[in-house]
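2 protein chains.
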Amino acid sequence: MPRAVSDGGESIDTDVASRTSSHRRVDSVHQHGHGYNVGVPPKKSLFAEFSDAVKETFFADDPLRQYKDLPRSKKIWLGLEQVFPVLGWGRNYSLGKFKGDLIAGLTIASLCIPQDIGYSKLANLPPQVGLYSSFVPPLIYAAMGSSRDIAIGPVAVVSLLLGTLLQNEIDPNTHPLEYSRLAFTATFFAGVTQAALGFFRLGFIIEFLSHAAIVGFMAGAAITIALQQLKGFLGIAHFTKKSDIVSVMKSVWGNVHHGWNWQTILIGASFLAFLLVAKYIGKKNKKLFWVSAIAPLISVIISTFFVYITRADKHGVAIVKNIKKGINPPSASLIYFSGPYLATGFRVGAVAGMIGLTEAIAIGRTFAALKGYQIDGNKEMVALGTMNIVGSMTSCYVATGSFSRSAVNYMAGCKTAVSNVVMATVVMLTLLLITPLFKYTPNAILSSIIISAVLGLIDYESAYLIWKVDKLDFLACLGAFIGVIFSSVEYGLLVAVAISLAKILLQVTRPRTALLGNLPRTTIYRNVEQYPDATKVPGVLIVRVDSAIYFTNSNYIKERILRWLRDEEEQQQDQKLSKIEFLIVELSPVIDIDTSGIHALEELLKALQKRKIQLVLANPGPVVIQKLRSAKFTDLIGEDKIFLTVSDAVKKFAPKVVDNV
Amino acid sequence: MPRAVSDGGESIDTDVASRTSSHRRVDSVHQHGHGYNVGVPPKKSLFAEFSDAVKETFFADDPLRQYKDLPRSKKIWLGLEQVFPVLGWGRNYSLGKFKGDLIAGLTIASLCIPQDIGYSKLANLPPQVGLYSSFVPPLIYAAMGSSRDIAIGPVAVVSLLLGTLLQNEIDPNTHPLEYSRLAFTATFFAGVTQAALGFFRLGFIIEFLSHAAIVGFMAGAAITIALQQLKGFLGIAHFTKKSDIVSVMKSVWGNVHHGWNWQTILIGASFLAFLLVAKYIGKKNKKLFWVSAIAPLISVIISTFFVYITRADKHGVAIVKNIKKGINPPSASLIYFSGPYLATGFRVGAVAGMIGLTEAIAIGRTFAALKGYQIDGNKEMVALGTMNIVGSMTSCYVATGSFSRSAVNYMAGCKTAVSNVVMATVVMLTLLLITPLFKYTPNAILSSIIISAVLGLIDYESAYLIWKVDKLDFLACLGAFIGVIFSSVEYGLLVAVAISLAKILLQVTRPRTALLGNLPRTTIYRNVEQYPDATKVPGVLIVRVDSAIYFTNSNYIKERILRWLRDEEEQQQDQKLSKIEFLIVELSPVIDIDTSGIHALEELLKALQKRKIQLVLANPGPVVIQKLRSAKFTDLIGEDKIFLTVSDAVKKFAPKVVDNV
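As you go down the protein sequences, you meet chains A and B in turn.
For the first sequence, position 144 matches number 140 in my numbering, and the numbering has no gaps at all.
For the second sequence, position 119 matches number 115 in my numbering, and the numbering has no gaps at all.
Treat the hints as calculated values from the structure; they're not laboratory data.
Nothing here was measured: the structure is a model prediction, and the numbers come from that model.
Please note: incorrect hints may appear among the correct ones.
All copies of an identical chain are treated as equivalent in the list; a pair is satisfied when it fits inside any one copy or across any two copies.
As the list claims (entries may be wrong) - Below 30 Å or equal to it, Euclidean Cα-Cα: the simulated DSBU-like pairs (lysine-lysine) are:
(1) 532 to 637
(2) 411 to 275
(3) 532 to 647
(4) 606 to 282
(5) 70 to 51
(6) 648 to 532
(7) 283 to 606
(8) 637 to 467
With the hints as constraints, model all of the structure from the sequences given.
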């Protein structure tokens, strides 16, 4: 049955329109063949419109859905389970699962201990702080997090970011206490930022960092971190504080004659070779992944023993020296809640927190997709935030999900977050019992371990795929990469975000338009460039606009349509074809229009009227038709110029052509 | 004839695909009925892709088109005509046209003289500078500009902007020379910015200021300007320098007991009443527009004469006092090309230049549309820029197109830019001969003239239309308005741009998706919300994605599709309908996809495979199909799952339903 165009207006004006439309209703059955007019959805009230928009923006996942029609006690339990997923999966926990978690937990513990010590150096913090951060945060996450595969702890990129941003404020060598106080402050605010983003359901903000930008940023950060390790690897005492490649290379070559220590290089290089071989084995044969997982710990043990026996530290081989024994001391009183460092801590914390989130969410989603379960981004952010807030009060610095350790966790067969608990227990025992044994661990080993770990962050396969698929995306990737290695981590980040956003805006400013033609023997109209068989309809120009029509592009779209028309008219003059009398604008892809867009359509209409060409619209969407009616553009163009499909419009205005079909 | 999907690959892999596809080609005739597969456009080379993008972004209007196939001398002449359109229209200039231009020129001259004096006070500059700016710039524009209706000179909003921004740097009362030097510097850089934007074809940048934002900004600026006039209108000597409404109202009421001057108020109020009545008459009867056009000059003459006779200036009525006689002195040597004010001048000039451009281009486009000729935005910018550069060297401040005077120019029957020449000549004669006569003009009259002029900038009809059409647009409008009146002009501008961009980004982050249903007795599939007649196909869920799939929305789109599926499955369980086996994603509106988007599709595919639901794509556009192939997603999903239309896909997977049609 044909549907009325009118939306049942109240004023006399609309009444007339509705009477007219019922007239047309009768004709339209004849005109359109199938008898459908363009539907106008019922107008929503302002409140409904607003609440729908809020719901779709902030509650896209419909979080309260499962609470429908449940008794109160059940609701409370479900609510608790929402905050502490452990209450859910804990009930079905079994010995079989624990076996998997135990092995995975032990494996990632062996990997995390040397990494933690190395990463804390990257953040200019004492080595035990790295270990602290692998004890408390994983325990909190195990109770609150929803990922089963993520391995929590300090990570290379965030450590580097924190280290460079904080040392701009306080010198960690001359003022170690103030520096660590500032680090705890930043950690606190990183947690607050993360939890707030999740709580206020603003998690979509991190999606403004595109995949391409992350690939470039990570690769740049990996190279920067590897370059920083040249200090420990070559045994250079006076090293630059800057992180860009030019300063670092200058520092490295400037020290070549009297700053390099051959014993250090020998130890570092041989163990780096060992680590890389282990990594290669683990990659070639997935069953031997544990070789690469325990290689770092083995390197630490062997090299520490070696240095202890040969006393190589007396020959200039730098060693870890002292790691404080005992578990995390409280640090809540150390956080700056006032004074000039409050703002700095907040700023640095917010940036580090966002990067931490991006990394953790990406990891969580990757492994969730592999195992086929869902991750709730916002809930995950609350868990990560809480863990960092608690961490900042127990002498930890920013922890998040680690790419390399999560992969090992997954491959070692972890089943639940209990593997994080196992890891935390091992780290606790290490802190309580064996930290003094790390005294003779050479720094070069830690550097080798970090270098071999961060090389995995360079995802050249993704970069190549990005290059193949989208050149502008690749530019964002390259921009982030170059920004990080030639300037600084923050700058690279800024470049990545800027290019990502510019790409969207450019797309919105210069959208595509296409000429449509008829696929012979069908009623289908398609882009003539994509379908060379598609034939143009004589006397009719059909243009499709492939974007929402907004102020940024409304003028361009108007002028582009007029240019299509001009080109076509010239071509038709050359070939002496019939004059164009109708311009059909296919609006299917036009999902929205604003006041500037309607202005542009009005101007297009005027320009066409001067040339005696009729403007016809095909298939406007619900939002577009509603707005065109609100602005009375439908009256201006005439309701009989708006069709359900291009085919309907052609049938009406060029019936001969269609008869030939 | 059916078309092959393969793009003629070279590797063995693609060969297999192409053989498979030729197999399918035979079936597809049977399957699809009409026998068309999704077309893959020939792949462009990197260079072609890049140069096409550059061309579409910067040379959308194809400026070199008219030079094709022409002899060299003709090309040079055309090139000159491009830069100086006067060479084109000048050849056909006639006495008939001059009659129109003369009347229009005289009318706008009578309007501009009092306005210029008033606006220069708004910019804290001596009154003659306003007149200078109505002499040189209009002459340059007449030779270079392409609009026939625009009236060039100082305008209220730019004067206010310049005045507030510059007085933050230098106090115009204590350091008048340095202040005017800075003003010329800003004017110079405003011109450079404008010309550069045009020359480098970056004109589209000004389109980032939406129509809604401009309406709000202009209304806010008008109210701010009117409030500023209370100083002259009430005769207050000590007035605040801030422009926000709170400071101004405080200043006004704080002076109520001893700061107001009743003689001034009497003169101001009576002439404001006269001006408003004249304006009302001009608006009611379009033929009497000249009443409102000459009312300001008449007010100035009468009030000056009145003050001269009564010597009201001795009773506290502030007067203009001294206007320097003679035409523009050179000022090139006054521009700061070095020193600390260079940067300030550049910053202020760039902002003022952009606002000036926005206003001039909007006016130019409006009147060009009314008379049905084209305006070239980029060329126009070069003209405006050159005119301001020359202006800055001849003691002018930033000039642009004035809304009110251009409307009068149009209504007075101007034919070409010669009306600007007439106006400039009158202003020149004024400067040479009669400036001393303005000595006794009361400031209150200038304030009344400005108030009555800027009231026209408050476009409440547009604001109401914006409210009706798009609530978010209205928010941008309101934000700009409130920002300007409660804080400052710059701040309001910033708010306007920020809201405009945020709106686009929000749209890109949370795009619409729709469930499609079949319109009975057709092969058309449409949004079930817009067309309640549309019926869902049992066992098949059809979802349309109404946006490009980018990193900002890829996760949302994936999860939203899964939510549609979940909702539908629940509904079907309740109603005991057949299980959903196919998910058709209609990609017609998806104009582009990036690597994150392809990832999201891969994850969607995995999630569906777990539930034993087949993913089917319908009508991917040229860019999308190319990228899906580059990323080998087409192999993953299977080429036989990609259809030309939803109807084809339904025919294949739910043939029974279609048979019933």
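key: 30 Å Cα threshold - placement of residue 532 relative to residue 648   = Both ways: residue 648 and residue 532 sit 16 Å apart in one copy and 28 Å across, limit 30 Å.
Homo-oligomer pair classification [residue 606, residue 283; C-alpha up to 30 Å] = between (75 Å within a copy, 25 Å between copies)
ask   = Using 30 Å as the alpha-carbon threshold, which applies to residue 532 and residue 647: within, between, both, or neither?
value = This pair counts as both: shortest intra-copy Cα distance 14 Å, inter-copy 27 Å.
Intra- versus inter-copy proximity for residue 467 and residue 637 (alpha-carbon distance at most 30 Å) = between (40 Å within a copy, 27 Å between copies)
request  = Since the copies are identical, ignore which copy is meant and state whether residue 70 and residue 51 lie within 30 Å (CA to CA) inside a copy, between copies, both or neither.
outcome  = within (25 Å within a copy, 62 Å between copies)
inquiry  = Cα distance capped at 30 Å. Does residue 411 pair with residue 275 within a copy, between copies, both, or neither?
reply    = within (24 Å within a copy, 80 Å between copies)
message = I want to check one pair: residue 606 and residue 282. Are their C-alpha atoms no more than 30 Å apart within a copy, between two copies, both, or neither?
response = For residue 606 and residue 282, only the inter-copy Cα distance (24 Å) is at most 30 Å; the intra-copy one is 72 Å.
ask   = Given a CA cutoff of 30 Å, do residue 532 and residue 637 count as a within-copy pair, a between-copy pair, both, or neither?
value = Cα proximity of residue 532 and residue 637: in one copy and across copies (20 Å, 28 Å).
Every hint, counting from the list given before, is met by this structure.
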